[in-house]
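Visitor: Fit chain B to the supplied structure of chain A, relying on the hints for placement.
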Amino acid sequence: MSESSKPATAGWTKSELARRVAQDIPDGACVNLGIGMPELVAHSLPEGREVIFQTENGLLGMGPAPPEGQEDPELINAGKKPVTAIPGAAYFHHADSFTMIRGGHIDICVLGTMQVSATGDLANWSTGDPGAIPAVGGAMDLVAGVKSVFVITQHATKTGEPKIVESCTYPLTGKGVVSRIYTNLAVLDVTTGGLVVTDLAPGVTMEEVREKTGTELTDGRQGNTAAEPPAGTATRGVGGNK
Amino acid sequence: MIDKLAANAAEAVSDIHDGATVMIGGFGEAGSPIELIHALVDHGARELTVVSNNTGSGRVGLAALIANGQVRKMVCSYPRSANSLVFPELFRAGKIELELVPQGTLAERIRAGGAGIPAFYTPAAAGTRLAEGKETRAFNGQEYLMEYGLRADFALVRAERADRYGNLVYNKTARNFGPIMCTAAETAIVQVREVVEAGGIDPECVVTPGIFVERLVQVPEPAQESELVKEGRSYP
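For the protein sequence lines, the chains are A and B, in the order given.
Our numbering numbers the first residue of the first sequence as 13 and each following residue consecutively.
Our numbering numbers the first residue of the second sequence as 1238 and each following residue consecutively.
One or more of the hints may lead you astray.
Stated by the list, open to error - The list that follows gives simulated cross-link-like pairs (lysine-lysine, DSSO-like), each with its CA atoms no further than 30 angstroms apart:
hint, chain 1, residue 1, chain 2, residue 2
1, B, 1371, B, 1310
2, A, 93, B, 1310
3, B, 1467, B, 1332
4, B, 1467, A, 93
5, B, 1310, A, 159
6, B, 1332, A, 187
7, A, 224, A, 93
8, A, 26, A, 224
9, B, 1332, B, 1371
Claimed, not checked - Label-pair restraints from in silico Cβ distances:
hint, chain 1, residue 1, chain 2, residue 2, range
10, A, 214, B, 1440, 56 to 66 angstroms
11, B, 1455, A, 227, 28 to 38 angstroms
12, A, 58, B, 1457, 16 to 26 angstroms
13, A, 228, B, 1379, 19 to 29 angstroms
14, A, 231, B, 1358, 38 to 48 angstroms
15, A, 234, B, 1309, 58 to 68 angstroms
16, A, 206, B, 1376, 37 to 47 angstroms
17, B, 1434, A, 56, 46 to 56 angstroms
18, A, 35, B, 1379, 26 to 36 angstroms
19, B, 1460, A, 234, 57 to 67 angstroms
Calculated directly from the structure, the hints in this document are not laboratory data.
In this text, a Cβ means the ideal position worked out from N, Cα and C, and glycines have one as well.
Looking at chain A on its own, in the form it has when it is part of the complex:
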């Protein structure tokens, strides 16, 4: 599916989903974006909202990709792609970078996932396949230290298996670390009482979301009295400036 094309069924396209995530990033937040779909969030912020992007390879104040021909191999992001630095950016070494990350100075990170569980466990670094070369990068440090961890993902795998499950079968990146899940079908908060659906994509029903999810869901949309308070976001609240 290309970014602009509409999916066959109802739901958000990738770019609509990125805009939905961006809508929840407050003005002044400092944000780290994972590789792949999370990168779309940088281009999807509402007009007038100032967000500072950190990339763990040593840049605070990351700007968009440079025009063709102006790439600098010494100015890259965590995915090793050329980027730019905004006026007011800062460079730093890796220990300082992870002081920002592990030390709780980054407000939000947006990550892709293979699986996420009802209790906010995240599995996004390995399928556990013994033939694969294990590689972890900075994901475990990010989920351990960033105040709010947002997951952006398709609701199900390409073969229709749920990615939102009772408990992860893939090796964990972190236990109980996810605050909120954004999929092409819905937005879900991770709470002490399980997963709470707070928003549905246009044309999507709760029944459809339940059908494609491997664990129990509470309907917490506005006007639905069954909702529990989103404890996950209360304990690891989305901060503003810091």
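Guide: Chain B in isolation, oriented as in the chain A frame:
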């Protein structure tokens, strides 16, 4: 008179011994000291333990050192990338050892090693497969892993500019692991594009103070790893 400038890369790496632990700077090609690595390939020291975030790309730089059979063990956070050919092949064949370390833990282990801290506790990787066999401890109800500081016999680092005392400034995101690796190695060897007179770097802007640097090599026009890979080049 203090002057840390070596005649060339070959001279700078000539005492790296078999079995040495060598930290190699860089995040992908950014900050990778490719001329120093190639000098180490020529020098031929073997059974090395290499600490570096990645394992190189194509068949040049760090990948060439691995391909040449000089590396016994890699300590890194992300040993595969789009163009990594050599490491995956040797790893699958059981010909090279891997210690996989989360990137922030790797950085802090190097920082701690350089700062004389033998071990520390981190929340990263607690409750995961990478915590297996590690000592844990709870602080304020949260689980932490004990991780050891890392030191090395040598560090190979790339910076932008130096003076004869070894004071360094870096270029953009090529800084990455360079400053901490210089602190954690007995002998830090740094290749720089430019060497300036003492005083030519504003003391307020020095990133690595010269005390952490033992040797300098000037490489005014370093090779660009991604270009060499694109051209299908290999070293030697």
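Visitor: Confirm or reject each hint.
Guide: Hint-by-hint comparison with the structure:
1. The straight-line distance between the Cα atoms of residue 1371/B and residue 1310/B is roughly 20 angstroms, inside the 30 angstroms bound, and the hint therefore holds.
2. With a CA separation close to 28 angstroms, the supplied pair residue 93/A and residue 1310/B stays within the 30 angstroms bound.
3. A distance of roughly 27 angstroms separates the Cα atoms of residue 1467/B and residue 1332/B; the hinted pair therefore holds under the 30 angstroms criterion.
4. For a cut-off of 30 angstroms, the pair hint linking residue 1467/B to residue 93/A stands: about 15 angstroms separates their Cα positions.
5. A distance of roughly 35 angstroms separates the Cα atoms of residue 1310/B and residue 159/A; the hinted pair therefore is violated under the 30 angstroms criterion.
6. As the CA atoms of residue 1332/B and residue 187/A are separated by approximately 33 angstroms, the hinted pair breaks the 30 angstroms bound.
7. With a CA separation close to 34 angstroms, the supplied pair residue 224/A and residue 93/A exceeds the 30 angstroms bound.
8. Between the alpha carbons of residue 26/A and residue 224/A the distance comes to roughly 18 angstroms, so the proposed pair stays at or under 30 angstroms and holds.
9. Taking the CA atoms of residue 1332/B and residue 1371/B, the gap is about 25 angstroms. The hint holds against a cut of 30 angstroms.
10. Judged by the Cβ atoms, the range 56 to 66 angstroms given for residue 214/A and residue 1440/B holds: they are separated by roughly 59 angstroms.
11. The hinted range of 28 to 38 angstroms is not satisfied by residue 1455/B and residue 227/A, whose Cβ atoms lie roughly 60 angstroms apart.
12. The hinted range of 16 to 26 angstroms is not satisfied by residue 58/A and residue 1457/B, whose Cβ atoms lie roughly 47 angstroms apart.
13. In this structure the supplied range 19 to 29 angstroms holds for residue 228/A paired with residue 1379/B, their Cβ-Cβ distance being about 27 angstroms.
14. About 41 angstroms separates the C-beta atoms of residue 231/A and residue 1358/B, a value consistent with the hinted range of 38 to 48 angstroms.
15. The given range of 58 to 68 angstroms is respected by residue 234/A and residue 1309/B, whose C-beta atoms sit roughly 60 angstroms from each other.
16. At about 28 angstroms, the CB distance of residue 206/A to residue 1376/B disagrees with the hint of 37 to 47 angstroms.
17. At roughly 49 angstroms, the beta carbons of residue 1434/B and residue 56/A sit within the given window of 46 to 56 angstroms.
18. Roughly 31 angstroms separates the CB atoms of residue 35/A and residue 1379/B, a value that falls within the hinted 26 to 36 angstroms.
19. Distance hint check for residue 1460/B and residue 234/A: the Cβ-Cβ separation is about 59 angstroms, which falls inside the suggested range of 57 to 67 angstroms.
In terms of the numbered hints stated before, the structure departs from hints 5, 6, 7, 11, 12 and 16, listed from lowest to highest.
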